[in-house]
Amino acid sequence: MKAIWILAVREWRSLFLSPLAWSLLAVLFCICAYMFNSGVAHYQINQMQFQAYGRGGTGPSLTDWTVTPLLGNAAILLLLILPLITMRLIADEKRRRTWPALAASPISPTGIVLGKYLGLLLFLVVTVALLGLMPATLFLYGNPDPGQVLAGLLGLFLVAATFGAVGLAASSATENPIVAAVATFGILLLLWIVAWMGESSGTGMDRILAYASLINHYEKFLHGIVSTADLAYFILVSAGGLIFARQRLLAERLEGH
Amino acid sequence: MSDNMIEIADLTRFYGQTRVLDRINLTVKRGEVMGFLGPNGAGKTTTMRILAGLLAPTEGSVTVAGIDALEHPEAARARIGFLPEDPPIYDEMTVREYLAYLAGLRGVPGRERGAAVDKAMLRCGLTEVSERLLRNLSKGFRQRAAIAQAIVHGPDVVILDEPTVGLDPLQIREIRKLIRQLGGTHSVLLSTHILPEVRMTCDRVALIHKGRIVLEDTLEALDHRSRREGRLLVRWNNPPAEAELAALPGVARVERDDTHWVITPAPETDPIPPLLARSVAQGWDLRELSPASQDLEEIFVQLTQQEAAEDAAREAA
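Heads up: the sequence lines are chains V and E, in that order. Using the working numbering, the first residue of the first sequence is number 1, and each one after it goes up by one. Using the working numbering, the first residue of the second sequence is number 1001, and each one after it goes up by one.
The reader is advised that the hints may include incorrect statements.
Taking lysine to aspartate or glutamate pairs in the DMTMM-like style, the calculated list, with each CA pair at most 20 Å apart, reads [stated by the list, open to error]: (1) V/K220 with V/D230; (2) V/K94 with E/E1310; (3) V/K2 with E/E1097; (4) E/K1177 with E/D1203; (5) V/K94 with E/D1091; (6) V/K2 with E/E1162; (7) V/K94 with E/D1203; (8) V/K2 with E/E1310; (9) E/K1210 with E/E1310; (10) E/K1177 with E/E1162.
Quick partial rundown of chain V residues pointing at chain E, CB under 10 Å, derived from the structure [stated by the list, open to error]: (11) W12; (12) I31; (13) T98; (14) A103; (15) A104; (16) S105; (17) P106; (18) S108; (19) G111; (20) I215; (21) N216; (22) E219; (23) K220; (24) R246; (25) R248.
In short, the hints are calculated from the structure, not lab data. None of these values were measured; they are calculated from a predicted model. Cβ atoms here follow ideal geometry from the backbone N, Cα and C, with glycine treated the same way.
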């Protein structure tokens, strides 16, 4: 257990030591800030139009107009960015030949996978928390729905954690980080768009495809709905990625050279 | 607990259809330095990677410090320090961070970690560069850091895969001294191509060829064995003709290298008294007479060629 924690902390620190992670985070925050600002501007115009011509009701929701699109787009950006961060987790240790120092330590393949993943999760917690600062500023000037904002941030964290598990799996399957990044990106994109194929009719296959689609589950979180079914989806996909990575490491001891 | 710190029994390993290790048996005792020799591709690195837990054997058993490494791989790995062929260096860390991280990963408790790191740095001569980034260090220092990571957690068994490759002569000397020091407190398995290195650092040697152990013995026994064959190295200032020497009683064969005559005695005879008597009587001016110890290189070449010849014979049959 101790070894897992030591590995996780070292992974987390090395992510923050790498210029790649910093530059990717900078890109993420610049684009998100721009989108958030334009969301707020749109909301203001809408609000004025509602006051001028509105016929009763509560008017446009601040959260729906600003936070929901921000978090929705942030997930798409993470889909593009996270493969570049997760690609190094295991593949880079092999490429740099540091893998034997880790693998010859008294830590099991399960421990290595969990330690690496935990380190990544710590990084993602920081990322999502920093992104959460943008919606947090709204509380100074307006009345966003705190439940919906928190559900959305939780959803974003789960999406990122799922991306991370897929990335870890890809990184365990190759020695080449770029190949790992491309594979991760491909799998994530497929998970994202798989529902598009299932929208034509209502057969059983379509329902499976709709369930497999990540975006369907994420949208519920963005609308403030936290359900066990959606939680289970993210946990299942993440666990699948971790188990795949563990099996790869075990198989390597049998097949490798 | 038994005195054997490494016990490898009937170890076999396939890569796909290729058999790279064929029922290997090897033991290393407590405090012993075992030299592990063999041509490239003979199976040295594979054996070491299996010992370190990076690879699983196809068949056979591996016991480290009395722990079955296949049943309890993590417990066994805690007793092992491994230096792979390529030094496993994290460029972005300082020497101290690097050693502290790996010490922690290998179960050295937090409050003892600083002392363990200091000790390993002292033994490997890294104290002066402890706060430098590994990226900025020379090859010699990086190699030393890689050795330090193999001993930082105080393992019983240290496995070193070609520790002196790519170092300059001065560094090689220091590393050999370090390996010598390691023996005694640790059991060391050391692979190398450099045969004099074995003589300087090892107590015993094992020679592996085509996945089989073809020789395992102490250095003393090897020396003894070659002396028993009894060849003599002789030098005269005023040497006689070759035929005259060959005619002496007890002399089976006479050869000549650049500086010396090499005399092989007939079985069960002692050619020294007639040689001495004749030298004095004929005024050959004897300057040197010594037993020719067969050096490791000759044994190495002889055994590997013998195997190759046997293989050829088998294929022909």
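Using Cβ atoms only, decide whether V/I215 comes closer than 10 Å to chain E, and label the hint accordingly.
-> Interface hint status for V/I215: violated (37 Å vs cutoff 10 Å).
Given pair status - E/D1203, E/K1177, alpha carbons within 20 Å = Holds - the C-alpha atoms of E/D1203 and E/K1177 are around 14 Å apart, at most 20 Å.
Can we keep the V/P106 interface hint, with Cβ of chain E closer than 10 Å?
-> Given a least distance of 4 Å, the restraint on V/P106 holds.
Answer holds if the nearest beta-carbon of chain E is closer than 10 Å to that of V/A104; otherwise answer violated.
-> holds, 4 Å
Restraint status (C-alpha distance of E/K1177 to E/E1162 at most 20 Å) | holds, 15 Å
Regarding the hint that V/N216 lies at the interface with chain E, is the smallest CB-CB distance below 10 Å?
-> Violated: closest Cβ of chain E sits about 40 Å from V/N216, beyond 10 Å.
Is E/K1210 close enough to E/E1310, meaning Cα to Cα at most 20 Å?
-> Holds - the C-alpha atoms of E/E1310 and E/K1210 are around 12 Å apart, at most 20 Å.
CA of V/K2 to CA of E/E1097, is that 20 Å or under?
-> Holds: V/K2 and E/E1097 sit about 17 Å apart, inside 20 Å.
Hint status (Cβ of V/G111 to nearest Cβ of chain E, threshold 10 Å) = holds, 8 Å
Would the hint on V/S105 stand, with a C-beta cut-off of 10 Å toward chain E?
-> holds, 5 Å
V/R248 as an interface hint toward chain E, with CB separation required under 10 Å = violated, 14 Å
Chain E contact restraint for V/T98 - C-beta distance below 10 Å = At 4 Å from the nearest chain E Cβ, V/T98 passes the 10 Å test, so the hint holds.
Hint compliance for this structure: hints 2, 6, 7, 8, 11, 12, 20, 21, 22, 23, 24 and 25 are broken, all remaining hints hold.
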